[in-house]
Amino acid sequence: MTQAKDITNAADAAKERLDQYTQEMVQWHFSPETGCPYWLEWAKEADWNPLTEVSGFADLMQFENFDDEVLRDTDPAQFIPAAFKDKPYNVFETGGTTGMPKQRIGWEDYKVDYSEFSDFYSDDFFPKGSSWLMVGPTGPRRLRLAIEHLANVRGGACYFIDLDPRWVKRLIRDGEYDMARKYKEHVVEQAVTILKGRKIGCVFTTPTILEALAERISIPQAGIKGVFVGGTTMTPQYVRFLIEEVLEGKVNFAPTYGNTLMGLAISRPLSVEDNYSLTYYAPQPRAVLRIVDPKDSSKGVEYDSYGRVELTTMTKEFFMPRFLERDEAIRRRPCDLFPWDGVGDVRPFESTKKKVIEGVY
Amino acid sequence: MSQVRADLSQEHNLMEDKISHLPVLRFGEVYKSLDTNDLGKVLKSGARLEVSVANAGIIRRDKLLIEKGREALRAIPTDTLLSYAEKAADIYLDGELPFGIDDETQGVADYVNALSELTGLPHSLCRSNMFKVAAALQNIRSVLAGLTRGLPPELFDNGCARLGDIDINFYPMADSLGVTLPSNSPGVNSLWLPALVMKTPVFLKPGREDPLTPYRIIQAMIQAGFPKEAFGFYPTTHEGGDAMLLSCGRGIVFGSDATVKKYSKYSNIQVHGTGRSKVLIGEDMANEWGKHLDVMVESVAANGGRSCINASSVMVPSHFEEISNAMAKKLAGVEPKSRDDKDALLCGFANADFAKAMNEAIDDALKTPGAIDLTAKYRKGPRLVEKHGQTFLCPTLIACSDPDHPLANTEYMFPFVSVVERPQSEMLDAIGSTLVVSAVTEDEDWMRDLMASPDIDRLNLGSVPTNWVQWEQPHEGNLFEFLYRRRAIQSKTLKIA
Numbered sequence: 001m002t003q004a005k006d007i008t009n010a011a012d013a014a015k016e017r018l019d020q021y022t023q024e025m026v027q028w029h030f031s032p033e034t035g036c037p038y039w040l041e042w043a044k045e046a047d048w049n050p051l052t053e054v055s056g057f058a059d060l061m062q063f064e065n066f067d068d069e070v071l072r073d074t075d076p077a078q079f080i081p082a083a084f085k086d087k088p089y090n091v092f093e094t095g096g097t098t099g100m101p102k103q104r105i106g107w108e109d110y111k112v113d114y115s116e117f118s119d120f121y122s123d124d125f126f127p128k129g130s131s132w133l134m135v136g137p138t139g140p141r142r143l144r145l146a147i148e149h150l151a152n153v154r155g156g157a158c159y160f161i162d163l164d165p166r167w168v169k170r171l172i173r174d175g176e177y178d179m180a181r182k183y184k185e186h187v188v189e190q191a192v193t194i195l196k197g198r199k200i201g202c203v204f205t206t207p208t209i210l211e212a213l214a215e216r217i218s219i220p221q222a223g224i225k226g227v228f229v230g231g232t233t234m235t236p237q238y239v240r241f242l243i244e245e246v247l248e249g250k251v252n253f254a255p256t257y258g259n260t261l262m263g264l265a266i267s268r269p270l271s272v273e274d275n276y277s278l279t280y281y282a283p284q285p286r287a288v289l290r291i292v293d294p295k296d297s298s299k300g301v302e303y304d305s306y307g308r309v310e311l312t313t314m315t316k317e318f319f320m321p322r323f324l325e326r327d328e329a330i331r332r333r334p335c336d337l338f339p340w341d342g343v344g345d346v347r348p349f350e351s352t353k354k355k356v357i358e359g360v361y
Numbered sequence: 001m002s003q004v005r006a007d008l009s010q011e012h013n014l015m016e017d018k019i020s021h022l023p024v025l026r027f028g029e030v031y032k033s034l035d036t037n038d039l040g041k042v043l044k045s046g047a048r049l050e051v052s053v054a055n056a057g058i059i060r061r062d063k064l065l066i067e068k069g070r071e072a073l074r075a076i077p078t079d080t081l082l083s084y085a086e087k088a089a090d091i092y093l094d095g096e097l098p099f100g101i102d103d104e105t106q107g108v109a110d111y112v113n114a115l116s117e118l119t120g121l122p123h124s125l126c127r128s129n130m131f132k133v134a135a136a137l138q139n140i141r142s143v144l145a146g147l148t149r150g151l152p153p154e155l156f157d158n159g160c161a162r163l164g165d166i167d168i169n170f171y172p173m174a175d176s177l178g179v180t181l182p183s184n185s186p187g188v189n190s191l192w193l194p195a196l197v198m199k200t201p202v203f204l205k206p207g208r209e210d211p212l213t214p215y216r217i218i219q220a221m222i223q224a225g226f227p228k229e230a231f232g233f234y235p236t237t238h239e240g241g242d243a244m245l246l247s248c249g250r251g252i253v254f255g256s257d258a259t260v261k262k263y264s265k266y267s268n269i270q271v272h273g274t275g276r277s278k279v280l281i282g283e284d285m286a287n288e289w290g291k292h293l294d295v296m297v298e299s300v301a302a303n304g305g306r307s308c309i310n311a312s313s314v315m316v317p318s319h320f321e322e323i324s325n326a327m328a329k330k331l332a333g334v335e336p337k338s339r340d341d342k343d344a345l346l347c348g349f350a351n352a353d354f355a356k357a358m359n360e361a362i363d364d365a366l367k368t369p370g371a372i373d374l375t376a377k378y379r380k381g382p383r384l385v386e387k388h389g390q391t392f393l394c395p396t397l398i399a400c401s402d403p404d405h406p407l408a409n410t411e412y413m414f415p416f417v418s419v420v421e422r423p424q425s426e427m428l429d430a431i432g433s434t435l436v437v438s439a440v441t442e443d444e445d446w447m448r449d450l451m452a453s454p455d456i457d458r459l460n461l462g463s464v465p466t467n468w469v470q471w472e473q474p475h476e477g478n479l480f481e482f483l484y485r486r487r488a489i490q491s492k493t494l495k496i497a
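Just so you know, the protein sequences line up as chains A and B, in that order. Residues 1 to 361 in my numbering are what the first sequence lists, from first letter to last. Residues 1 to 497 in my numbering are what the second sequence lists, from first letter to last.
Among the clues, some could well be false.
In silico SDA-like pairs for lysine to any residue, Cα to Cα no more than 20 Å straight-line [stated by the list, open to error]:
hint : chain 1 : residue 1 : chain 2 : residue 2
1    : A       : 169       : B       : 238
2    : B       : 367       : B       : 410
3    : A       : 182       : B       : 239
4    : B       : 262       : A       : 173
5    : A       : 182       : B       : 269
6    : B       : 387       : B       : 345
7    : B       : 44        : B       : 82
8    : A       : 169       : B       : 239
9    : A       : 169       : A       : 94
10   : B       : 262       : B       : 433
11   : B       : 380       : B       : 333
12   : B       : 265       : A       : 174
13   : A       : 184       : B       : 239
14   : B       : 68        : A       : 216
15   : A       : 225       : A       : 121
16   : B       : 68        : A       : 121
17   : A       : 184       : B       : 238
18   : B       : 265       : A       : 183
19   : A       : 182       : B       : 152
20   : B       : 32        : A       : 272
21   : A       : 85        : A       : 107
22   : B       : 32        : A       : 249
Hints in this document: simulated from the structure, not taken from any laboratory.
Make a model of the complete structure from these sequences and hints.
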C-alpha cells in the first residue's frame with residue numbers, strides 16, 4: 001500500500017515537473033529571442049497562441065500531429081533556434097528512409113541523452129574503461145556519435161562496423177533475399193574480425209545482427225559483458241531467446257526503443273512477472289511517449305491496451321509535438337524507476353494486419 | 001442460482017481456460033515458446049489447442065548442433081532402424097502418445113477428431129491418410145529398396161556396398177533434411193519418413209492446420225526406438241521456414257507456383273508445387289472409355305481432391321461429350337456429409353473465406369467463353385455449400401471446348417477437373433509440367449513417348465488412378481538421390497565392401 005502510494009506521489013511529481021518543463025520549452029521555442037524560424041512562422045498562421053495557452057503538457061493537444069514530412073521538405077536551418085544561431089550544428093538523418101531523407105539538427109542533445117542512459121547502468125553492467133563495438137547504422141545518423149559518446153563517458157573507445165539500413169530495405173523490397181543475406185554475412189564477418197582482434201567489452205547492435213554474431217562466436221567467450229540493442233521489434237519470446245541462448249544467460253542486456261527524433265527510451269529491468277515482455281520509458285521530460293487511439297490520437301488508450309505510439313520531443317534544440325510513430329505498443333503503468341507511463345511490446349503499427357519490412361535493421 | 005448450477009458453471013469456466021499446449025521439439029526435447037498460435041477448441045476434452053511458435057533463430061542455432069542428431073542415428077544399425085520404423089506403424093495407428101506438455105497424451109480417436117476439426121477432412125479420410133502414413137512405415141524396406149534400387153541397407157552403416165563385382169560408395173550430401181509441410185493432406189508426411197532410416201535427422205515445420213500429424217509420427221517413431229535427437233519439430237513463421245530450408249543441408253517445401261519460383265534457384269531445396277496431375281486417354285482405349293470411368297472419377301475425387309496426385313485434368317482424343325457428362329454425373333453424386341459419416345468423401349474448408357474466394361475465381365474464369373461447369377446440371381444446388389457446420393465446395397467438372405481455356409489446366413484443393421479434347425499426338429506437347437500422368441493406353445509407341453517425356457514426374461501406365469501408390473517407386477523425386485551422392489571408389493589392396 002505504501003509502495004503504491006509512493007509511486008502515486010512520484011508520478012504526481014513527475015507530472016508536475018513535465019507540466020512546468022513543457023511550459024518552459026514552449027516559451028523557448030515560440031519566443032522570437034530564442035525560437036526557430038519554423039515554429040515562429042507557424043505561430044503567425046495559427047489561430048491560437050502557444051505562449052499564452054500552454055501551461056502544461058495536456059495543452060499540447062491543441063497542436064495537430066506533427067507531420068514528419070516537414071523534416072524532409074524543409075531546410076534544416078529553419079529549425080535553428082535563435083539562441084543557437086551562430087553555433088555549428090550536426091545534421092542527423094533518420095534510419096531507413098529512402099528518397100530525400102528526413103533530417104533533424106542538433107548540438108548537445110545526443111550527449112545529454114546518452115549520458116543519462118549511461119548513468120542508469122552500473123559500472124559493471126557495461127564495464128567502465130571497456131572498448132565498445134558498434135555494428136549498426138553509422139553514416140549520417142545520430143546513433144554513431146551517440147554510441148561513441150557513450151563509450152567515451154564510460155572511459156572507453158568505440159570501433160564501428162557500418163550497416164546501411166536503406167540498402168537492406170531496398171534489397172528486401174526487391175525480393176533480393178540472397179543479397180540481403182550476403183550483406184548481413186559481410187557485416188557480421190567484419191564484426192567477428194574486430195571481436196577476435198581487439199579487446200571488446202561492450203557491443204551495440206541490432207537484435208538480428210546480434211543473433212547472427214552468436215551463430216559465429218560465443219558472445220560471452222568473446223569477452224563481451226554488456227550488450228545494448230535497439231532497432232527492431234522484440235517479442236517476449238525473442239527477448240527470452242536472446243537472453244537465454246544468444247547471450248547464454250551470461251551477458252548484461254539492455255534493450256532500448258529509440259530513434260533520431262526521440263533519443264532513447266530505456267527498458268525497465270525484467271522481472272519474473274514480466275515474462276520477458278519489455279517496457280520502455282521515454283527520457284521524460286525531454287521526450288514523452290503516449291499510447292493513443294489510432295482513430296483519435298487526442299485520446300489515450302487504457303492501461304494494458306495496444307494503441308499507436310505518439311512522441312513529443314521537447315529540448316532547447318528541437319521541438320516536435322505529437323508525432324505519430326509507425327509503431328504500436330501496450331500502454332504500461334509507471335514504475336519505481338520511471339514514474340510515468342511506459343510502452344510495452346512495441347511492434348510496427350498494424351503489423352498484425354499488413355506485411356512490414358524490418359530486415360536486419 | 002442453485003449450488004449445483006453454480007458448480008457446473010464454475011466447471012464450465014475452468015474448461016474454458018483449459019489449454020493443451022503442443023510444444024516445439026528441439027532434438028526431441030520439449031520447448032514451450034512464448035509465441036503461440038491458438039487453434040481453438042478442437043480437442044475432445046474441450047480444451048483449446050495452443051501451439052508453440054519457434055522464432056527463426058532457434059532453428060538456426062539448433063542446426064549448429066545437428067551433429068548430435070547425426071551421431072544418435074549413426075549409432076544404430078540401419079536394419080534396426082528399419083525394424084523401428086515397422087514397429088512405429090502400429091504405434092502411430094493405435095498408440096496413446098505423448099502430446100503437449102505436463103505428461104499429457106493423445107489417443108487415436110482424439111487425434112482423428114482434432115485433425116478433422118483443423119483440416120476439414122472427414123474422419124474417414126483422416127483415417128485413410130493415417131493408413132497411408134502407417135503403410136509407408138510398415139513397408140519401409142520396400143520404400144528404401146525402391147529409392148536405392150535394391151542396394152543393401154548396410155550402405156547407410158558404412159557408406160559402401162558391393163553389387164556383383166563392383167564396390168559402390170555413397171556419401172551423405174546433407175547433414176539434415178528440413179521439410180516445410182502443408183496442411184492439406186496428412187498423408188504427405190510419408191515423404192520424409194525414409195530420411196530417418198537413411199540416418200538423416202529431420203527438421204519439420206508443420207502446416208498451420210496440421211501440427212498434429214508430424215508430432216504424432218515423431219512420438220510413434222521415438223517410442224519405437226528412434227533416438228529423439230533425430231527429430232526437430234518447429235511450428236514457426238515464414239521466416240522460420242526459410243531459416244529451416246536455407247540452413248539444413250537439404251530442404252523440401254510444398255507450395256504454390258509462387259513457392260516454386262521463390263526457391264527455384266536453390267539446388268538444395270526441392271519444391272513440390274502444384275501437381276496438375278492428369279489422366280490421358282489413348283486413342284486405342286477411347287471407345288472403351290466406360291470401362292475407365294471409375295478410374296477417372298477416383299483420380300479426381302479420392303482423398304477429397306486434396307492431393308497433388310489428384311487429377312485436375314482429363315485429356316480425351318474423342319467422345320468428349322459422353323465422357324464429360326458421365327464423369328460430371330458421377331462426381332455430382334459425391335455430396336457433403338458430416339465429418340463423422342463413414343461414407344464422407346468431401347472435405348470442408350477450415351477457412352470458409354478461402355472456399356468462397358476459390359468459388360468466385362472459378363465463376364470469374366467461366367466468363368471466358370469455351371468452358372462450362374457441367375456438374376452444375378447434375379448437382380442439387382450450388383457449388384459452394386454450407387452444411388453440417390462446414391463450408392464445402394462440391395465436385396466440379398469443367399468441360400472445356402476450348403482446350404486452351406484458363407481452367408483447362410488449373411488445380412484447386414477439392415475435386416475439380418477439366419475435360420479437354422485433343423488428338424493423342426498433341427497431348428504430350430500440351431500437358432506442361434505434370435506430377436502424375438495416368439495414361440490409359442496399350443499403344444506401345446505412345447507408351448515409349450510417354451516414358452521419354454520430361455514433363456511427367458510419375459507415370460502410371462494402364463487403367464490406374466493417379467493416386468495409386470506403389471511403395472517401390474519413388475514419389476516426387478528420389479529422396480535417396482537427394483540426400484546421397486555416389487562417388488568413384490577404388491582400392492588395390494583393401495577390401496572395401
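So, going through the hints one by one against the coordinates:
1. A/169 <-> B/238: holds, 18 Å
2. B/367 <-> B/410: holds, 15 Å
3. A/182 <-> B/239: Within the cut-off at roughly 16 Å; holds.
4. B/262 <-> A/173: holds, 14 Å
5. A/182 <-> B/269: holds, 18 Å
6. B/387 <-> B/345: holds, 14 Å
7. B/44 <-> B/82: Not satisfied, since the Cα-Cα distance of roughly 34 Å exceeds 20 Å.
8. A/169 <-> B/239: Measuring from Cα to Cα gives roughly 16 Å; hence the hint holds.
9. A/169 <-> A/94: The given pair, whose Cα atoms are some 13 Å apart, holds under the 20 Å limit.
10. B/262 <-> B/433: Answer holds: residue 262 of chain B to residue 433 of chain B is near 17 Å, not above 20 Å.
11. B/380 <-> B/333: holds, 9 Å
12. B/265 <-> A/174: holds, 16 Å
13. A/184 <-> B/239: holds, 15 Å
14. B/68 <-> A/216: Since the Cα atoms of residue 68 of chain B and residue 216 of chain A sit roughly 18 Å apart, the hinted pair holds (cutoff 20 Å).
15. A/225 <-> A/121: holds, 13 Å
16. B/68 <-> A/121: violated, 40 Å
17. A/184 <-> B/238: holds, 19 Å
18. B/265 <-> A/183: Given pair residue 265 of chain B, residue 183 of chain A holds - Cα atoms ~18 Å apart, limit 20 Å.
19. A/182 <-> B/152: Answer violated: residue 182 of chain A to residue 152 of chain B is near 42 Å, above 20 Å.
20. B/32 <-> A/272: Satisfied, since the Cα-Cα distance of roughly 16 Å is no more than 20 Å.
21. A/85 <-> A/107: holds, 11 Å
22. B/32 <-> A/249: The hint holds at about 18 Å.
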